[in-house]
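Model the placement of chain B on the given structure of chain A, informed by the hints.
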Amino acid sequence: DVKVTQSSRYLVKRTGEKVFLECVQDMDHENMFWYRQDPGLGLRLIYFSYDVKMKEKGDIPEGYSVSREKKERFSLILESASTNQTSMYLCASSLGGGVAKNIQYFGAGTRLSVL
Amino acid sequence: DAKTTQPTSMDCAEGRAANLPCNHSTISGNEYVYWYRQIHSQGPQYIIHGLKNNETNEMASLIITEDRKSSTLILPHATLRDTAVYYCIVRVAVRGSTLGRLYFGRGTQLTVWP
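Top line first, the protein sequences correspond to chains A and B. Sequential numbering of the first sequence, starting at 1, is according to my numbering. Sequential numbering of the second sequence, starting at 1, is according to my numbering.
These are calculated hints, taken from the structure and not from any lab test. Be aware that one or more of the hints could be misleading.
Said to hold, decoys possible - Derived DEER-like restraints, expressed as beta-carbon distance ranges:
#1 A/LYS71 with B/GLY15: 43 to 49 Å
#2 B/ASP67 with A/ASP38: 32 to 38 Å
#3 A/LYS3 with B/PRO76: 24 to 30 Å
#4 B/ASN53 with A/GLU56: 28 to 34 Å
As the list claims (entries may be wrong) - Here are a few chain B residues that face chain A, going by a calculated C-beta distance under 8 Å:
#5 CYS12
#6 GLN42
#7 GLY43
#8 PRO44
#9 TYR46
#10 ARG91
#11 ARG101
#12 LEU102
#13 GLY105
#14 ARG106
Here the structure is a predicted model, which is why all the values come from computation and not from measurement. Built from N, CA and C at the ideal position, the CB exists for glycine as well.
The following block holds chain B by itself, in its conformation from the complex:
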């Protein structure tokens, strides 16, 4: 049960901003949203996470709506190396443990073209 919905694929011109949407309408108050990406034949790579405030780091920005039912990952200046599958994940707490499960859905295949 991935608990998130993402488009199957998107594309973007190199140098432009890539905006990847994610719906998580059943998210509960203490669940964080995580974004990972997976470049072909590599392991997933952490990008960013957030709870309710917008977040930015050296890789991307994360915009979470006020009702927290959806979010958008923004790659401000996409490059060819950003071509990957992007996963939006809601962390689920494991009962009796601080260890959070991450459910990876099918993600969004982002293709950046020259």
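For reference, chain A alone in the conformation it holds in the complex:
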């Protein structure tokens, strides 16, 4: 089974702190994604990466950055956390290539609270 592991299930940070959310996948997937999920807004794509050191902005990249130094790891960085970044953050990965290989597998999520 594909496993996507997010480093924390729950995280509480203070406004202005730098926050790192880590995601690791164990299936040698090429593509990785970061979403946030808020009530009434569904899942929104923040950033994605289709290769090591490559990244693309999603729909809501403002206030976030990402890092992908190794194929299996994709980090989401909140440079200066703000209260409106309180949310559930979901990481996903997919193999890449043909359509079946684009099935995304998700981690369990990190519920971040910024106080």
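Then chain B, alone, in the frame of chain A:
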């Protein structure tokens, strides 16, 4: 832009078939339909996908109309553990890449009752 329309909620008796509809009237010829579900406080889970033929796997069946403007996900014998939000998604190709974007709308909250 989710490109799909689903009912907000549905319910189903345990052991009965759950039929979840989805409209995707603007789907183009090479776009696949994906179904995911999300159980409370967990990440979304892939269920099934299809292009124009009906598909079946161990979790569900997917029926796509001939004009491809709508589809139905069928859970043949719903259980309490099938209570979740179900998302119908049309994959959108990213220009210059084989990487497909998935737009998650609000989905359908399916409640299975005993």
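Hint check:
no.	hint	result
1	A/LYS71 with B/GLY15: 43 to 49 Å	holds (44 Å)
2	B/ASP67 with A/ASP38: 32 to 38 Å	holds (34 Å)
3	A/LYS3 with B/PRO76: 24 to 30 Å	holds (28 Å)
4	B/ASN53 with A/GLU56: 28 to 34 Å	holds (32 Å)
5	CYS12	violated (22 Å)
6	GLN42	holds (6 Å)
7	GLY43	holds (3 Å)
8	PRO44	holds (5 Å)
9	TYR46	holds (5 Å)
10	ARG91	holds (7 Å)
11	ARG101	holds (7 Å)
12	LEU102	holds (6 Å)
13	GLY105	holds (6 Å)
14	ARG106	holds (5 Å)
Violated hint for the displayed structure: number 5, the only one.
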